[in-house]
Amino acid sequence: MKNRSGTFYLLMVPVLLWLVMLIVIPHLDMFFRSFQFENDDGSMVFSLNNYLSFFEDSIYWVTFVKTALYSIGVTFLAFVVTFPVAFYLTKVVAKKYSSFMVLLLLIPIWIGELVTIYGWMILLSDNGVINNFLIQIGLIDTPIVMLYTNFSMTIGLLYMSMLFMIIPMMSALESLDDSLIEAASDLGATKWTIFRQIIIPYTTPGIASGGIIVFMLVIGDYIAPNILGGKSSLWFTEQIYNKFLATFNWNEGAAFGFLLLLLSSAIIWLALRLTGQKLEKVGS
Amino acid sequence: MSNVLEIKNVTKKFGDFTAVDSVSFDVEDGGFFSILGGSGCGKTTLLRMIAGFEKETEGELLIRGESMKGIPPEKRAVNIVFQNLALFPMMNVEKNVAFGLQRQKIAKPEVQNRVTEMLERVGLIGFEKKNVDDLSGGQRQRVAIARSLVLRPSILLLDEPLGALDRKLREHMKIELKVLQKEIGTTFIYITHDQSEALVMSDKVAVMNEGRFEQLDTPKNLYKNPATSFVAGFVGESNEFDVVNYANGELTTKNGCKLTKPILDFQPRKLFMRPEAFILNPTEDLVDIERISMKIRAILFDGSNSKISAIIKQSNDDVLLSLPQNAQFEALKEGDDLKVGIHHDDLKCYRD
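Residue numbers (numbering that gives the first Met the number 0), protein chains in the order written: chain E, 0 to 283; chain Y, 0 to 351.
Any given hint could be a false lead.
Short derived list, chain Y residues pointing at chain E, Cβ under 7 Å [what the hints assert, rightly or not]:
id	residue
1	94
2	106
3	256
4	265
Part of the chain E face toward chain Y, derived, beta carbon under 10 Å [said to hold, decoys possible]:
id	residue
5	6
6	173
7	176
8	180
9	183
10	186
11	197
12	201
13	226
14	229
15	231
16	241
17	245
Covered stretches of chain Y (chain E as the covering partner; in silico rule of three or more C-beta atoms under 8 Å from a C-beta of chain E) [unchecked claim]:
id	stretch
18	63-73
19	128-135
20	212-220
To be clear, the hints were calculated from the coordinates, so they are not data collected in a lab. Each residue gets a CB set at the ideal place from its N, CA and C atoms; glycine is no exception.
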């Protein structure tokens, strides 16, 4: 393809504008900013101090590790919770009902994260729906503290992200021919073997791409940890937020932002390596 | 010979629709049995009931004399080759073939031996580590058959496995399948809508229509003596005529063609004549034949399968005649008059 037409270049303009102005330039700006440090005399010099401060204060890397572990956990939970639903919607229920059910599933996304999070507050608070119900039926006397804990934070993160797991998983399951399942059972496989040897390997690309989306959403989320997690939540995005807006230390904030980007990329790379997936295959 | 499969009054209903309507038949051990029928005739449903994927509404199914009531597919000594083959895309050839054996408690070296032996039998040695997506259509076919046969089933079910192949390969696989079946001696039950597949490969063929068996016979009998008008029309090519009257040993077709057909003890409504049953330019000394005057409309050249499209002069009925490709009929051309004879036995008449 040597002779590109004018239309080809014209169509490239929006793509390039998007990539350069919305992604490349802001990241470069942050990147350079993260290496700048304000000297005693107020002038900006090149320094690694912003990155070093992350390691000096234990609260930062404790938060960092906790964020990573919880994000991995929530991603796994999202898989566990959504897989049966995805399987039911693609393989069990009739097609005409399943599209309607998927539409119902998507409703929380239309409402927006903040509103659904407030909904969870109503459910989980000390005098909320769940505690009230449990007291009414006499199961407990005093309310169980659920709100402003890691539990409520996990629920919030899971709820707002699991839909992004179900869609790629459903499309992977949809392309799984039923005759593969029948063939396996015809060859003597039990249900568990079919699940482990046929369904899971076949849907791994879908699970991986859903997992990446969920993981990125969760590790970069601010609302659920901040509102549902309360003061004890310790989410790394909150640290970044504080750097930018509480202490106005944009340079350190930028450095922390890059650390988060590195961390999440490293975890995804590792996960893809461990499951033997290729990024190109997962992305398609 | 004993029966490997007995089907007794099996009926399958989906809601109000009856897919299989109280079918009964036995399959002899070691035979090649085909079920031939158009789409929606119930043949796939019947096959899936034998495999255990569908539960019969009524009736009973016995494999080697044992009732299969309530026995799930994984517990039946029956394996199926699916229409789309259903090879496992995430496994290579070897793992596909070994899958069934690994489900049983068989030692690893034994599994390896049986897989190798089976791959050798189907000519896939050297392809063990290949991904199934990288194989040709014929090779994939053989993997699917090997994967089932390695389990040494009592019956191998084949659900139109040649449907997706191109013509040349299909012709080749037909012969290969027949030879393979004779070699290993496993009973094959083969379902297809392609009459040539059924006729070439099978020892016995059942023609199925609207959930019932129209005829169960050897391929030759099926072709020579169709039991019903459906079989006569479905198996092989045939010229079909509606019969409006039969009296004094004479048939009258809808368009008014009169043909002599002695001794019928029923009132026929349909008449079938095979293209190759016609004798072109019959000599005067032939007896028991009906002589018809025709006019050639077109010569349809198709190698050994060439035909003459002609009209019967007295009624303007269209007929197809086989045209042997030899010097005798070389000169025939469009517009020529043609004397044709057909033996009275080859006028196949049916009640409906």
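Going through the hints against the structure:
1. Given hint, residue 94(Y) at the interface with chain E, is violated; its Cβ is 10 Å from that chain's nearest Cβ, farther than 7 Å.
2. Taken as an interface hint, residue 106(Y) does not check out: its beta carbon lies about 16 Å from the nearest beta carbon of chain E, beyond 7 Å.
3. With a least beta-carbon distance of about 50 Å to chain E, the hint placing residue 256(Y) at the interface is violated under the 7 Å criterion.
4. Using the Cβ-Cβ criterion of 7 Å, the hint placing residue 265(Y) at the interface with chain E is not satisfied: the shortest such distance is roughly 46 Å.
5. Interface hint status for residue 6(E): violated, as the beta-carbon distance to the closest one in chain Y is roughly 36 Å, over 10 Å.
6. Interface hint status for residue 173(E): violated, as the beta-carbon distance to the closest one in chain Y is roughly 15 Å, over 10 Å.
7. With a least beta-carbon distance of about 6 Å to chain Y, the hint placing residue 176(E) at the interface is held under the 10 Å criterion.
8. Checking residue 180(E) against chain Y by beta carbon gives a least distance of about 9 Å; that is within 10 Å, so the hint holds.
9. This hint holds: residue 183(E) has a C-beta 7 Å from the nearest C-beta of chain Y, less than the 10 Å allowed.
10. For residue 186(E), the suggested interface contact is upheld, since its CB lies about 4 Å from the closest CB of chain Y, less than 10 Å.
11. Among the interface hints, the one on residue 197(E) holds; its C-beta lies about 6 Å from the nearest C-beta in chain Y, closer than the 10 Å criterion.
12. Interface restraint check: residue 201(E) against chain Y, minimum CB-CB distance 6 Å, threshold 10 Å, status holds.
13. This hint is violated: residue 226(E) has a C-beta 42 Å from the nearest C-beta of chain Y, more than the 10 Å allowed.
14. At its closest, the beta carbon of residue 229(E) sits 45 Å from a beta carbon of chain Y; the interface hint therefore is violated under the 10 Å criterion.
15. For residue 231(E), the shortest C-beta to C-beta distance to chain Y is roughly 44 Å, which exceeds 10 Å, and the interface hint is violated.
16. At about 46 Å, the closest approach between the beta carbon of residue 241(E) and any beta carbon in chain Y exceeds 10 Å, and the interface hint on this residue is violated.
17. Using the Cβ-Cβ criterion of 10 Å, the hint placing residue 245(E) at the interface with chain Y is not satisfied: the shortest such distance is roughly 50 Å.
18. With 3 residues bearing a CB less than 8 Å from a CB of chain E, the stretch 63-73 of chain Y meets the requirement of three and the coverage assertion stands.
19. A count of 0 residues in the stretch 128-135 of chain Y with a Cβ less than 8 Å from any Cβ of chain E is obtained; the coverage claim is therefore unmet, three being the minimum.
20. Only when three residues or more bring their CB closer than 8 Å to a CB of chain E does the claim for the stretch 212-220 of chain Y stand; here the count is 0, and the claim is violated.
Checked against the numbered hints given earlier, the structure breaks hints 1, 2, 3, 4, 5, 6, 13, 14, 15, 16, 17, 19, 20 and satisfies all the rest.
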